[in-house]
Amino acid sequence: DAGITQSPRHKVTETGTPVTLRCHQTENHRYMYWYRQDPGHGLRLIHYSYGVKDTDKGEVSDGYSVSRSKTEDFLLTLESATSSQTSVYFCAISGRVSVTNEQFFGPGTRLTVL
Amino acid sequence: KQEVTQIPAALSVPEGENLVLNCSFTDSAIYNLQWFRQDPGKGLTSLLLIQSSQREQTSGRLNASLDKSSGRSTLYIAASQPGDSATYLCAVRIQGAQKLVFGQGTRLTINP
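Top to bottom, those sequences are chains A and B.
For what it's worth, the numbering used here labels the leading residue of the first sequence as 14, then goes sequentially.
For what it's worth, the numbering used here labels the leading residue of the second sequence as 378, then goes sequentially.
Treat each hint with caution, since some may be false.
With a straight-line Cα cutoff of 27 Å, these simulated BS3-like cross-link-like pairs (lysine-lysine) come out [as the list claims (entries may be wrong)]:
#1 24/A / 419/B
#2 70/A / 419/B
#3 70/A / 83/A
#4 378/B / 70/A
#5 476/B / 419/B
#6 70/A / 24/A
#7 83/A / 476/B
#8 70/A / 476/B
#9 445/B / 378/B
#10 476/B / 66/A
#11 83/A / 66/A
#12 83/A / 24/A
#13 445/B / 476/B
#14 476/B / 378/B
The set of hints was computed from the structure by calculation and includes no laboratory data.
Kindly generate the complete structure, drawing on both the sequences and the hints.
In structure tokens:
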């Protein structure tokens, strides 16, 4: 267990509503990531953070924003949810062991947008 | 653009067999390669990480090898058990970047 929690674990929402997913770590890792996992596409990076207030886009960042105001928390916001954002979202962390930067994953959040 | 492929997509073997899962990648300029296990409805569990300068890593019944020049990695599972049933994913970290590029995974079933 790499000390990562995600909340909520399940959420059903309606198209057009804002949604915020939270990732919390207790391991003091520098990097935090948000991925989405979809059948046929595998895992794809949405955004990542390399420090407090330092973030960068991944390959599928459109429609998503992130914030990191504390080392331990990384928030993913869907400003106006769409059905194409129905997915399983995973948070990951890395960087405590700087040589390897091995990534560790949270349990996931299943989001359904109706 | 880095692409990662895992073949086969699914594999079913009887308990006790030794087996090999394959992962190939198109760009050899990688920083490291990580193997993960994912159980249904769960997150990913890191199994092994191989740095680009290494040839293999071992953990218990698992052995992962890396041939960067040919763009291939294998995960060897010895004496398979029903509890090994899961989807196995490989991912490469591109040099100079933090992102991992994932394969689609191999769904492994070990039959008692």
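> Which of the listed hints are not met by the structure?
Replying inline: none
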